[in-house]
Structure formats: structure tokens, C-alpha cells
Amino acid sequence: MTMMSTEMADYSDEYNTSYDYPEDSGICNKDSINNFAKTFMPAFYVLLLLFSLLGNGLVLCVLVKYEYLRSITNIFILNLAVSDLLSAFCLPFWTMHHLTGWIFGDIMCKVVGVFFVGYYNGIMFLTLMTADRYFAVVHAVYAARSRKTCYAVTASLVVWAISLSASVEHIWLLFGYYQQIILFFLIPLVVIVYCCYKIMNTVLRCKARKKYKAVKVILCIVIFFLCWAPYNMVIFLVSLKQLDVSLFTTCETSKHIDYAYFISRNVAYFHCCLNPVFYAFVHTKLKMYLAQCLGKCIKFIERQQDRGSPDWLPSAPSHLKC
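Mapping the sequence shown onto full-length UniProt numbering, position 12 (from 1) lands on 12, and the numbers just tick up by one.
These are computed hints drawn from the structure, not numbers from a lab. Glycine included, each C-beta is placed from N, C-alpha and C at the ideal position. Wrong hints could be hidden among the right ones.
As the list claims (entries may be wrong) - Each pair of labels, with its calculated beta carbon distance range: (1) Ala131 <-> Gly101: 40 to 48 Å; (2) Tyr142 <-> Lys241: 43 to 51 Å; (3) Tyr194 <-> Lys241: 40 to 48 Å; (4) Val193 <-> Thr253: 27 to 35 Å; (5) Gly105 <-> Leu243: 27 to 35 Å.
Generate the whole structure from the sequences, applying the supplied hints.
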């Protein structure tokens with residue numbers, strides 16, 4: 001399994017078996033956490049899957065049908081949408097995992113690790129988008145000469161290669177934890193904070209209307225990291241528990257960490273269906289095209305309801321009609 005699939009399996013295996021320990025046995029009873037996961041996680045994953053498929057599917061349709069795909073911003077948005085859909089692909093398997101335990105075998109366990117390819121892609125592409133805004137706003141003259149489509153395509157390929165490499169199984173589980181925290185959270189956070197600081201300084205000195213887009217991009221990035229920061233903090237606490245740090249190995253503390261793990265992970269995964277909203281918020285034309293697509297879908301459904309049956313159903317023979 002990949003590092004993060006192993007992590008999920010370790011947690012779930014711990015909770016998928018119920019035990020009836022006496023209170024004074026000295027063994028930590030985690031049946032309540034097991035019940036919590038089985039009750040709330042499947043429903044959450046189903047909702048997340050539906051929203052992600054609808055939102056990211058619409059974004060892909062709009063980009064392919066209406067937008068200029070050679071635009072650097074659109075290239076990054078396209079990769080973000082594909083990454084989110086890649087992550088959404090794994091959610092049905094995780095839903096069954098929480099309901100019945102893992103029943104799909106070792107091969108599928110490796111396959112669903114592509115969720116974290118999408119996750120790593122999301123962080124790196126958002127970092128690239130922030131850096132791109134930084135050059136476009138702070139170094140506008142230089143960016144006008146150097147922002148080329150080939151660079152965006154090359155950067156996208158490098159990001160996919162890094163994500164795939166980072167998702168392979170690690171012999172030492174703790175290495176995977178710290179890889180995620182340092183390489184896919186702290187370093188991007190430093191880059192993004194620096195770029196946002198420089199962008200805001202430039203925006204405050206300039207009243208050009210086009211700079212407003214940069215501010216919206218920053219807001220979207222901030223919301224993304226608010227979604228993922230708690231999860232990375234909990235992952236750090238989990239690593240301390242794995243290292244048998246005494247403060248984090250008591251039963252009560254371990255339960256709190258486990259609850260925090262499930263809740264923060266759900267908040268983090270929610271970004272898969274939030275990203276389409278952010279795209280529309282940042283991209284004025286994309287927002288207009290999404291509204292058009294939704295309008296067409298609604299009209300199509302209304303027409304089918306008025307007709308009483310879908311177009312693809314065969315009509316009755318003429319001699320049987322009333």
C-alpha cells in the first residue's frame with residue numbers, strides 16, 4: 001500500500017473490531033471511535049463524491065468547450081480538476097471500507113492510493129497558481145515576456161511526477177508522515193505566504209482593476225490551507241504517538257487524537273468539492289460559463305419532465321397508442 005493508504009488501514013483495522021474490556025483492565029477501549037467512523041464517514045464520503053463529480057465535471061466541461069486551454073491559468077485549473085476527480089474515484093472504496101472493512105484485496109489497496117496523488121497535486125498546483133499570480137502582479141514586465149504555455153505544461157508534468165513518486169510505499173511509516181508535513185505543507189505554506197505578502201503590497205499601491213483577481217486567488221488559497229492545516233497538525237501528533245511519546249500514549253489522549261484525526265481529515269477532503277466554487281469565484285468567464293451549463297441542464301430536465309419520458313426510450317407502436 002501507499003504510505004497514506006497504510007495509515008488509513010492502520011487506523012481502521014484498530015477500530016473495525018469491537019472488544020468488551022472491563023474499565024480497570026488497563027486496555028484502551030475504542031469502540032466509541034469505531035461507531036463514530038461507521039456512522040458518519042460513509043455518509044460524508046457519498047456526499048463528497050456527488051459534489052466532487054458534479055462540480056469538477058462541470059469545470060472540465062466548461063474548460064474543454066468554452067475556454068482557451070493554452071492559457072497558463074486554465075492549464076493549472078484543468079490539472080486541479082483532474083486531480084480532484086482522481087481523489088473522488090477512491091471514495092466509494094473508502095465508504096465500503098468503513099462499513100465492512102477492507103474487502104477489495106491488496107491490489108485495490110494500492111490503486112486507491114491515487115487519492116493522495118490528487119491531494120499532493122492539489123497543494124502543488126495551488127502553489128504554482130500563487131507563484132504565477134506573484135510574477136504577473138509583482139513582476140509584470142518580466143512575466144509578460146517569460147510566462148509561456150510550454151513552461152506551464154512542463155511544470156504540470158513535473159508536479160505529476162513528484163506526486164506519483166511521493167505516493168509510493170515507504171518502509172518507515174514516520175518518513176511518510178514527515179514527508180507530507182514538510183514537503184507538502186510547510187514548504188508550500190512558506191512559498192504562498194511570501195507570494196501573498198508581496199502581492200498584497202503591490203495591490204495596495206496599485207488601483208488597477210485587474211489586480212482584484214489576485215486578491216481573490218489569495219483568498220482561495222488561504223481557505224484551502226485552513227482546510228488542510230488541522231489535518232497536518234493531527235498527523236504530527238499521530239507521529240508522536242507512533243514514537244511512544246508518553247504524553248500522547250495515554251488512553252484518553254489517544255482517543256482525542258483519533259477523533260481529531262477523523263474530523264480534520266474530513267475537513268481536509270472537503271476541498272475536493274470546494275475547488276469548483278473557488279474556480280468560479282476567481283475566474284469571471286468560468287463563472288459565466290458554469291451558469292450557462294447549469295441553466296442548460298435544468299432546462300433539459302424540465303423538458304424531460306414535460307414529455308413524461310426520456311428521449312432515449314422507444315416510443316410505443318402506432319397501433320397501441322391511444
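Here is what the structure says about each hint:
1. Ala131 <-> Gly101: 40 to 48 Å: Since the Cβ atoms of Ala131 and Gly101 sit about 43 Å apart, the hinted range of 40 to 48 Å holds.
2. Tyr142 <-> Lys241: 43 to 51 Å: This hint holds: roughly 47 Å between Cβ atoms.
3. Tyr194 <-> Lys241: 40 to 48 Å: 33 Å, violated
4. Val193 <-> Thr253: 27 to 35 Å: 31 Å, holds
5. Gly105 <-> Leu243: 27 to 35 Å: 31 Å, holds
The earlier numbered hint that this structure contradicts is number 3, and it is the only one.
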